[in-house]
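Participant: The listed protein sequences correspond, in order, to chains W and F.
The numbering used here numbers the first residue of the first sequence as 303 and each following residue consecutively.
The numbering used here numbers the first residue of the second sequence as 303 and each following residue consecutively.
None of the hints are false.
A pair holds if it fits inside one copy or across any two, identical chains being indistinguishable in the list.
Below are the DSS-like pairs computed for lysine-lysine, each with C-alpha atoms no more than 30 angstroms apart in a straight line: (1) 370 / 309; (2) 361 / 425; (3) 370 / 408; (4) 309 / 425; (5) 309 / 408; (6) 429 / 376; (7) 370 / 425.
Honestly, the hints are just simulated from the structure, not real lab data.
These numbers were taken from a predicted model, which means no experiment stands behind them.
2 protein chains.
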Amino acid sequence: MFRGCTKLSVDNKGRMAVPSRYRDRLVGLSDGCLILTLNPLDRSLWLYPLPEWEIIEGKLAALSDFDKQGRRAKQMMRGYATDCQLDGQGRILLPNELREYASINKHIMLLGQGNKFELWDEKTWQKLREEWLAEVGSESTEPSDSLKSLSL
Amino acid sequence: MFRGCTKLSVDNKGRMAVPSRYRDRLVGLSDGCLILTLNPLDRSLWLYPLPEWEIIEGKLAALSDFDKQGRRAKQMMRGYATDCQLDGQGRILLPNELREYASINKHIMLLGQGNKFELWDEKTWQKLREEWLAEVGSESTEPSDSLKSLSL
DNA sequence: TATTTTTACCCACAATTACCCACAATTACC
DNA sequence: GGTAATTGTGGGTAATTGTGGGTAAAAATA
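Let the hints inform the model, and build the full structure from the sequences given.
Facilitator: So, in structure tokens, the structure goes:
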């Protein structure tokens, strides 16, 4: 399971270094072969090791084409899924299309999210974080049911 | 179960010594592997022994991605969860990101909190404590229902 | 096929991190 | 209360890691 956050930068060739603490695991899992696609729920990107992506692909294939939301999710996630290979320095090349979607230009926040990583434009992420913290802190906002019963 | 509070300092490399009375237990539990993450409810940090964190991770994984609050909680807590390894002197390195979140610079208050520790900037903690004491002391503030029935 | 653009591989630098040793303050023990 | 062990703090050094860029191969375009 992946966790932890790292500030990273994208060089002017569009490459991003994968933090070294994850590299061995990624090479072990799939010889450094990764799948990058868009996150349909937020303006960010998802980065899967190949075997994990194949599980997701299976789930997507099972969605009915007659459910509009399912069809769209399928189209987006599969459509934008790009193969990325770790290079000799442990970097991957981020395709233009995807960088634009997440408005990533130079500074990235990479978040471990269980079976995958989430890639955010740093500014966008900071803003999101502050918004969320304000919301959690305010007494006026009711936590959702699933959160109410959560003990950490 | 962890309890008790300790004043500690962070050196200029960002390291914090874990009090020696906890070390044996932490090494026994998880070979000194700890997870540090943000406390989304206060501006402080949580430090879990790995096995305890894995329980939390399970609870988080169960939250739906389609509930926005659940998704955010997941992103924040997992995203900021950082692996920390006790070094030869029994210290851990506190990542910049997290120190900033809790506005920790030099003096820390470490509180045992059952399954985890809570790390506060000392000044912030002092202030909070005084505020809370004042609030509880004042007759005007109603205790919440769960507190009303509490005998200590 | 020729030209331009994109991608992969290599090397180099600077910043960060891990490991080691040392000191001073605190605590435990006799 | 004095002495010895433990513990928290500081810092030097070497290795690792993230970043940048030059150059050659590959792909795309004309």
